[in-house]
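Peer 1: So you can see what is in the structure, the chains are spelled out below.
There are 2 protein chains.
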Amino acid sequence: MKEEFFIKRINSKHIGDDGAFIDGKVYASDSFFEDIHFKREWFELDEISYKASLVNLSDLIVMNAKPKYALIDIGFPKSLSLHEIKLLASGFNKAAKEFGYEIIGGDTIKNEKIAISMTFIGESKRPVFRKAKLNEYVAFTGDLGSVDRDLKTLLRGGKIPKTSKFITPKLRDEFFYKASKYITSACDISDGLFKELERISNISNVGYEFLKKIPKNMGCSGEEYEILFTFPKRNLSIISNLAKLTKTKITVFAVTKRGKYKSICKENHF
Amino acid sequence: MKEEFFIKRINSKHIGDDGAFIDGKVYASDSFFEDIHFKREWFELDEISYKASLVNLSDLIVMNAKPKYALIDIGFPKSLSLHEIKLLASGFNKAAKEFGYEIIGGDTIKNEKIAISMTFIGESKRPVFRKAKLNEYVAFTGDLGSVDRDLKTLLRGGKIPKTSKFITPKLRDEFFYKASKYITSACDISDGLFKELERISNISNVGYEFLKKIPKNMGCSGEEYEILFTFPKRNLSIISNLAKLTKTKITVFAVTKRGKYKSICKENHF
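Line order of the protein sequences matches chains L and B.
So in UniProt numbering, the last one in the first sequence is 270, and the numbering has no gaps at all.
So in UniProt numbering, the last one in the second sequence is 270, and the numbering has no gaps at all.
Chain L on its own, in the form it takes in the complex:
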């Protein structure tokens, strides 16, 4: 994959997690581009800027970092009306208010298409990385599969419900901030469960013994923004209780073991 080739050419020891943890701070950056991540007709303008914020926040949450500051680099076409620009700004402001961070800068340029890149600075006393241990339970939050199904519907020209997680990811901040101290490793499911399992396998030198069969339509569904995480078996009851307390569905589906795991999904990337 060409993007992985580029990343390997960049000299950095921090790249590999959802964000970089340095001196108590977590730095994370994600892009959200028209015709790459979304089509204009699928979203209201405030939904675009809100989702751009959420996909970035997702990276911070899975590292157990609280967002403090954000910078927004945005390109948008001259043809947008002032009302439309107001909508675009309101999605950014809505997320900042809800998650309690401040927008401190960025850059605004004219561009044919809407192109958003955000950088977040968060704080964490106890960051969670992608390094799992042997003989741990492996679990994910929520239900998987709906995002890929909804995306396919949109690509066929169909309609999807306003509540679709493709439009508005459902972040699991309440559960994860409480549960993180009982969790060994985590990442958000942006490229599909199986692909994220492969990443954790590579970083941690573990394979998986599946306790439940995960069908391909669930395991290969990207942009779910649910959380994949591993934890010591002894923490099962406390984690189950925290899930209940925060009304978060979790599915324990595997145990880490010696070995290596490779995703069977077709790569979405180039």
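If you are wondering where the hints come from, they were derived from the structure by calculation, not from laboratory data.
Some hints could be false.
Since the list gives no way to pick one copy over another, a pair counts as held whenever it fits inside one copy or between any two copies.
Stated by the list, open to error - Listed below are the simulated DSSO-like cross-link pairs for lysine-lysine, each with C-alpha atoms no more than 30 Å apart in a straight line:
{"#": "1", "residue 1": "Lys-159", "residue 2": "Lys-8"}
{"#": "2", "residue 1": "Lys-78", "residue 2": "Lys-110"}
{"#": "3", "residue 1": "Lys-170", "residue 2": "Lys-262"}
{"#": "4", "residue 1": "Lys-195", "residue 2": "Lys-159"}
{"#": "5", "residue 1": "Lys-25", "residue 2": "Lys-8"}
Please read all numbers here as calculations on a predicted model, not as lab measurements.
Since chain L is already given, all that's left is putting chain B on it; use the hints.
Peer 2: Relative to the frame of chain L, chain B by itself:
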């Protein structure tokens, strides 16, 4: 201007300077997009990533901040060869090595055109803002006008020298880091001297008495990445000495006074 309308709709008290200064750190973000800021045929690929880095570093330098970390969000076409991707990465690495910062993350996506957004985190014990005082000297570094002239040559299909500041901005870090303690306000000249004078006028409630006439081809030339700065008159000799020491040309051309200043240049932005 629509970009200013967008910025006004974003709730932030930090926006307005080249970067945001918070707790000893400076955060700055800038985009560098194909067909907005450059055409592919004008640059080698490593020159593109190197310039993208320099225009960001420029923001940190004028605030007297030393760059520590950078995040790179980059989109590039699938059609780039591995050799071309290597070149692209090498420009980022070159700037990081020269200016002593670490690339800690980012996002890589497929995009029709090259689209780079970078965020820098710097450190400053004594940041310089855009707020000038009355009766101060106003000066700029280097020579102005060549960038606009070279850009026009390129737009006409002509050739420009490899040493053009349009290809590789000449940052004044050595001079500015030494001189900053004698300087009241500064900004980099990204949108032309006259436009930057207008910004400092608005922020500082000052006008200018010109000691030298600045022709329009100098005052309206954007992307110069020279530094506009003001300082107390008593600091003239020390600043002149530091300029000589660092082989940096400076031109003292005005004095701040009561009033308001408006740029006479045509707006480049939308």
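Peer 1: If a hint holds in the structure, say so; if it does not, say that too.
Peer 2: Now for the hints, and whether the structure bears them out:
Taking the shortest alpha-carbon separations for Lys-159 and Lys-8, neither the intra-copy value of 39 Å nor the inter-copy value of 34 Å comes in at or below 30 Å. In this assembly of identical chains, the alpha carbons of Lys-78 and Lys-110 lie at most 30 Å apart whether taken from the same copy (6 Å) or from different copies (24 Å). Within a single copy, Lys-170 and Lys-262 get their C-alpha atoms as close as 27 Å, which meets the 30 Å cut-off; across copies the closest is 48 Å, which misses it. Proximity of Lys-195 to Lys-159 under the C-alpha cut-off of 30 Å is restricted to the intra-copy arrangement: shortest distance 28 Å within a copy versus 47 Å between copies.
Proximity of Lys-25 to Lys-8 under the C-alpha cut-off of 30 Å is found in both arrangements, the shortest distances being 23 Å within a copy and 28 Å between copies.
Hint violations for this structure: number 1 only, all remaining hints satisfied.
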